[in-house]
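**Student:** Chain residues, written in single-letter form:
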Amino acid sequence: MTIKEVKIKIDDKEVTVPSNWTVIKACHENGIEVPHYCYHPDLSIAGNCRICMVGVKGAPRPVVACAQPITENMEVTTKGKDIEEARKSVMEFMLINHPLDCPECDQAGECRLQDYSYDYGRDHGRFHEEKVVKSKATMGPHVKYWGSRCIVCTRCVRFTDEVSGTGDLGVIYRGDRSEIALFPGKTMDNPLSMNTVDICPVGALVSSDFLYQTRVWNLKSADSMCSDCAVGCNTRVDFDAKGTIKRIVPRRNDKVNKEWMCDYGRLSFPYAQENRLMKPLVDGRDAPYKDARKAALELLAKKSVVILVSAWNTNEAFAAVKEFAEMHLPGAGIAGYANPGRADEKFPGFTISGDKNPNRKGMQEILGIDAEVSLKELAADTARIGTLVMVHNIPGYAMTPELKAVLDRTESVILLDHAKSDLLKYGNVAVALPTLTTFEKAGTFVNKDGIAQVFQPAMEPANFGRSEAEMFQDFARELSAAAAVTGAVAKVKG
Amino acid sequence: MSDAAKPNPAGSGDVPPAKKADESAAQKAAGSPQPAPAGTPATAAPAPAPEPKPKVPFSPVLLKHINEPNSHTLAHYAARGGYETARGHVGVTPPGDLIKLIDDSGLRGRGGAGFPTGKKWSFLAKGTGKPIYLAVNGDESEPGTFKDRYILERDPHQLVEGVILTCYAIGSKHAFIYLRGEFILGFQRLEAAVQEAKAKGYVGKKIFGQEVDLTITVVRGAGAYICGEETGMLSSIEGGRGYPKIKPPFPAVSGLFGSPTIVNNVETISAVTHIVKNGVAWHKQWGTEKSPGFKIFCLSGAVKKPGVYEVPLGITMREMIDTYGGGMKDGRTLKAVIPGGLSAPVLTPEMVDKCTLDYESLAALGSMLGSGGITVLDQQVDMISAIYNTMRFYHHDSCGQCTPCREGTGWLEKVAHRFHHNEGHQGDVELLGDIAKNMRGRTICVLADAAAMPMQSYLQHFKQDFVAKVKETAFVEKQRTYRDEITPTAKTITATGAGPSALDVGSNGSKQR
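Same order as they appear, the protein sequences are chains U and P.
Letter by letter, the first sequence follows residues 33 to 526 in this note's numbering.
Letter by letter, the second sequence follows residues 379 to 891 in this note's numbering.
Quick caveat, the hints were computed from the structure, so don't treat them as lab data.
Each hint should be verified, as a subset may be incorrect.
With a straight-line cut-off of 27 Å between C-alpha atoms, the simulated DSSO-like cross-links for lysine-lysine are [said to hold, decoys possible]: (1) U/K163 - U/K252; (2) P/K815 - U/K111; (3) P/K815 - U/K113.
Here's a subset of chain P near chain U, in silico, CB distances under 7 Å, partners left out [stated by the list, open to error]: (4) S776; (5) N816; (6) G819.
Far from chain U, some chain P residues (derived; all Cβ distances over 10 Å) [as the list claims (entries may be wrong)]: (7) F436; (8) E697; (9) Q779.
Just so you know, even glycine gets a beta-carbon here, dropped at the ideal spot from N, CA and C.
Chain U on its own, in the form it takes in the complex:
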């Protein structure tokens, strides 16, 4: 079937949409609200919640917008008495067996049942019978299931069938006893499992990690980006009143991550708030910035300086390093290194990159070096290194033999890092300068597909750190000032 642009009318508004869309998509893309539970743009159509009913001219009764293909000159109405009545009746059916446990439900505050109750709910119930009680279950290490809250929209089932491909979940029993369950012998321990929590429109699937942590209306949110791998999922970071990160959820970006994200990335945030390098260190002791910078500049004045940058840094940091070296350290070498990779984890609808570095591509583009090759070359070299400027920023880095070889023949190291990592235990770290995590700084990462994505700080820095780019600008400023002074002295003397 060829796809063409067709004209349709939605609530007297003329719009042009591709002929392969459904009515609900046409409405949503044109900013017209159509309530829905089971419909998800990235999953197959189930058409079972029945709340997305709209009127179509010529149809004897309301139809479900999610399963209704677009036809030429279609006239759709999303408002009206019969549509309202149909939606209200569906809401009533949804709620008759739903427990009134909003006060203790994790979903409260971001629950579709609550949201649509405002629009289509009744002020009192007509159901005086005993409610159906369903089972509770632990689906996997990160996901719990509250059966009674479930509206059996089967989004989670379709997710495990179509996106994660693990097929963990299915519907068991019939009628109003229907509930979601694991297939025998299965556990939902795939690294995409927590997406089912996001797509669950009610409080049936909840995250074990976020459970009872806070009420969602107490959270503040900021947009951010995941730096856990080379995919670069767009995220929303939720903080509690104290500014502590409580959870990370994916943010829609159809070119990068759609609306999915892996569990590694979601649960990666503790590094931002634990074991941070709070202040500069000089020879292992806290020191003011002024002293630390002075000590660093003295080390940089030595012979044979090498700047070693990790693939966890931003394009801005790479550019600053490059510029700084060109202007102030003409003889210095620049090398790169990266978090050791592993195999990609491929799922039918999502790939978790095995490259656990957010910006390998950016390093290639700006510094023109490949992280692995460059570190190998540096490790193979036997010449002694006077000062090694190490721009690290990799959380949970495990020392590789190559890096160890480099460090072993280095006199002193200037370490730029956000954490008190194992690297500090190496005796030759002379100066350590605190930097910022991805959550705290702005910058650009280029993901594995070559898409450059800019991110902004999501939170206030937890330490007294600065971004790497700013550090190098500081160095440059001091060196220029010093050069200006020496220049003036020489002039006077001359």
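Fit chain P to the supplied structure of chain U, relying on the hints for placement.
**Tutor:** Coordinates of chain P only, in the frame set by chain U:
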């Protein structure tokens, strides 16, 4: 467009009944010069009153041999000319001619919806590059229906021959026959029949020596009513949970494994054998203008001789009960008749007198012919008990996919259960009607309608039975009384007839918050 808005190419959701809209669409599609039966059920006389055709004597066709010993074997079938029709047509007659023949014969789907079979076949998507499948629906689970069972157990070869002819006509190389899981004997005999036919070269590669291949797979269900819904059955054959699929696309466009599929009932396919054998004129000598031919009816309830009766369409309901069924059991009087399986709206005695057994007469009475399962209720039957039992069935067998059906069937059963135990409250009768109304036409398949239609018809025709079981209290009042008891300081609320909403209770009554 909903499935009722345009002629439903595969509308005979075999066991759950068709919507009325399907019927009217089908009638329109048939393009008959006769006006469709108009008017309300209360005023309209049954359509086929002026019967132009002379009464032709009829002897059973599909059930002719069921009481003969070994009627299920190939030897018996061959002795009465079995498979000669298929041999004469497969690879010889152009398939289009067979489709036209069935279309001309006016055969309508016997599973419940009554959609014209030839029309359905002609809706088949062509040139898709995908295989075409035939799926025969033998998941006979509509309560009160037991006709396919006799064909499967006692004369399965006519079905196999029908499958051969149908597959040849529609160009299918693979047919699935889906049987109700409980039909053990039917499964054994059908499977044996298929094997016998295979051994003779009627099924398999190059059947009847022609360049035509056919595989027949017999599939057994696992005991779900919903798998008798045509797309639910397809899901079940595919190995999935028996969830009905959204229409459109209809099975004739995208059905089994995403391929064009024709779904027909066992009785329909069996009838194809005889129509191809004897011709259009033979078939049309019985029945009415819009319901030609004959059909098996399953008579049960308070009649002297319950059983399966194959009769020409268009005979009166009275004739069915009094002549074939031998009249009411001694000392019983007719109270109601469920004409087409449990989901068909119930008929009162006055309606029974007006009723003839054809698709259009029952549609005019606001009911339907459905699967032909006629249940006769006598005055001893408590209608509340009957509706409770009906609701219990649909609650048990709703697949649970769509919200209105999943929740509504359970709700209806629970309220009906209270009525059954004389616990109806003020407003409950209206509530039942409201729930049923909210369930109708809002789901993927027609099971919600199947549950709502009997409830609506019982409420319409036997409202007094419900009202008799209603207590004087309403639920809201009862709660208020209870609240007043536990909070003696609260001002007593005098309940008015209309009753303020529950929200008022908090602000008006107790100080508790």
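**Student:** With reference to the structure, classify each hint as holding or not holding.
**Tutor:** Each hint tested on the structure:
Distance hint between U/K163 and U/K252 is unfulfilled; the C-alpha atoms sit about 36 Å from each other, more than 27 Å. Distance check on the hinted pair: P/K815 and U/K111 sit about 20 Å apart at the alpha-carbon level, within 27 Å; holds. Annotation: proposed proximity of P/K815 to U/K113 holds, straight-line Cα distance about 15 Å (limit 27 Å). Against a cut-off of 7 Å between C-beta atoms, the interface hint on P/S776 holds, since the closest Cβ of chain U lies about 4 Å away.
At about 4 Å, the closest approach between the beta carbon of P/N816 and any beta carbon in chain U falls short of 7 Å, and the interface hint on this residue holds. The restraint placing P/G819 at the interface with chain U holds, with a minimum CB-CB distance near 5 Å, inside the 7 Å limit. Every C-beta of chain U lies more than 10 Å from that of P/F436, the closest at about 38 Å, which supports listing it as non-interface. At roughly 35 Å from the closest C-beta of chain U, the C-beta of P/E697 stays outside 10 Å, upholding its exclusion from the interface.
Not every C-beta of chain U lies more than 10 Å from that of P/Q779, the closest at about 5 Å, which undercuts listing it as non-interface.
Hint compliance for this structure: hints 1 and 9 are broken, all remaining hints hold.
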